[in-house]
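Sequences and hints are given; from them, build the entire structure.
Chains as they are written, first to last, in my numbering: chain A, 1 to 115; chain B, 1001 to 1109.
Take the hints with a grain of salt, since some may be wrong.
[Said to hold, decoys possible] Going by beta-carbon spacing under 7 Å, a handful of chain A positions derived as facing chain B:
| # | residue |
| --- | --- |
| 1 | Ala38 |
| 2 | Gln41 |
| 3 | Pro43 |
| 4 | Phe45 |
| 5 | Gln48 |
| 6 | Asn59 |
| 7 | Pro70 |
| 8 | Ile104 |
| 9 | Thr113 |
[As the list claims (entries may be wrong)] Which bits of chain B does chain A cover? Going by a derived footprint, with three or more residues having C-beta under 8 Å, they are:
| # | stretch |
| --- | --- |
| 10 | 1038-1047 |
| 11 | 1099-1109 |
[Said to hold, decoys possible] Which residues of chain B face chain A? A few of them, derived with a C-beta cut under 8 Å, are:
| # | residue |
| --- | --- |
| 12 | Arg1028 |
| 13 | Phe1034 |
| 14 | Leu1088 |
| 15 | Ser1092 |
| 16 | Phe1095 |
I should point out that these hints are in silico values taken from the structure, not numbers from a laboratory. Idealized CB from N, CA, C, for every residue including glycine.
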Amino acid sequence: ETGVTQSPTHLIKTRGQQVTLRCSSQSGHNTVSWYQQALGQGPQFIFQYYREEENGRGNFPPRFSGLQFPNYSSELNVNALELDDSALYLCASSVSRGGSGNTIYFGEGSWLTVV
Amino acid sequence: QKEVEQNSGPLSVPEGAIASLNCTYSDRGSQSFFWYRQYSGKSPELIMSIYSNGDKEDGRFTAQLNKASQYVSLLIRDSQPSDSATYLCAGSGGFKTIFGAGTRLFVKA
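Here you go:
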């Protein structure tokens, strides 16, 4: 148990639709990162939020967007879903101390299937 | 070029043996390294973190870091069937943590 909770755990969407995934970070953690993990691959960094602002982004198109709220919870939004968006979406929380290499703790993930 | 590389395996070891998992990284700015274990259908869970050159031991697990060679390893002593999983190596030097594709480990009873 990491204290990071995600919802929903599983969902099926149709190509072209939009999806919102939610995450509550571990108590005391102020930074949230989102990762996409396709089958057989390692987690791929989507973006990170700190103090309600995106402070880093991986190689994902703008239709992947996010929010962080004052209580440090977060949302991942994906517009215009494509079949290749089918994956496990992982939320990870950490404490940003201004340095590098913060340890991240994952939630259970949200399994997204796009048909 | 992949930033963190791992042999995908599978690595198969008998119960009670030592499993050795290896990882190389390309970003010399990476300062912190992590090993996560991921069971099939589950999310990754942190096993070890290592920040300095040398060895770090925690129970049956030993992480090794060599920054000059850009090499990280994980040794699992007295391997158990419950250790069968995918092991993800990760490095972090800034705002993001980069993961390898993972090594699948099978421990045969």
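Hey, does the Thr113/A contact hint survive, CB to chain B under 7 Å? 14 Å, violated
Taking the least C-beta to C-beta distance, is Phe1095/B closer than 8 Å to chain A? It holds, given that the least Cβ distance between Phe1095/B and chain A is near 4 Å, below 8 Å.
Min Cβ distance, Gln48/A to chain B: is it shorter than 7 Å? 5 Å, holds
Verify this for me: three or more residues of the stretch 1038-1047 of chain B with a beta carbon less than 8 Å from a beta carbon of chain A. Per the Cβ count (5), the hint holds.
Interface hint for Arg1028/B, Cβ within 8 Å of any Cβ on chain A: Since the shortest Cβ distance to chain A is 13 Å, the answer is violated.
Against chain B, with CB atoms and a cut of 7 Å, does the hint on Asn59/A hold up? Violated, about 11 Å.
Agreement of hint Leu1088/B with chain A interface, Cβ distance less than 8 Å: Because about 6 Å separates Leu1088/B from the closest Cβ in chain A, which is inside the 8 Å limit, the hint holds.
Holds or violated: Phe45/A as interface residue toward chain B, Cβ cutoff 7 Å? At about 5 Å, which falls below the 7 Å cut-off, the nearest Cβ of chain B leaves the hint on Phe45/A intact, so it holds.
Let's test the interface hint: is any C-beta of chain B closer than 7 Å to that of Ala38/A? Ala38/A check fails; min Cβ-Cβ to chain B is 10 Å, beyond 7 Å.
Can the hint on Pro43/A be confirmed by a CB-to-CB distance to chain B that is less than 7 Å? 5 Å, holds
Next item in the hint list is Pro70/A. Is there a CB on chain B closer than 7 Å to its CB? With a minimum Cβ separation of about 20 Å from chain B (threshold 7 Å), the hint on Pro70/A is violated.
Please check whether Phe1034/B passes as an interface residue: C-beta within 8 Å of a C-beta belonging to chain A. 7 Å, holds
When each numbered hint is compared with the structure, violations occur for hints 1, 6, 7, 9, 12.
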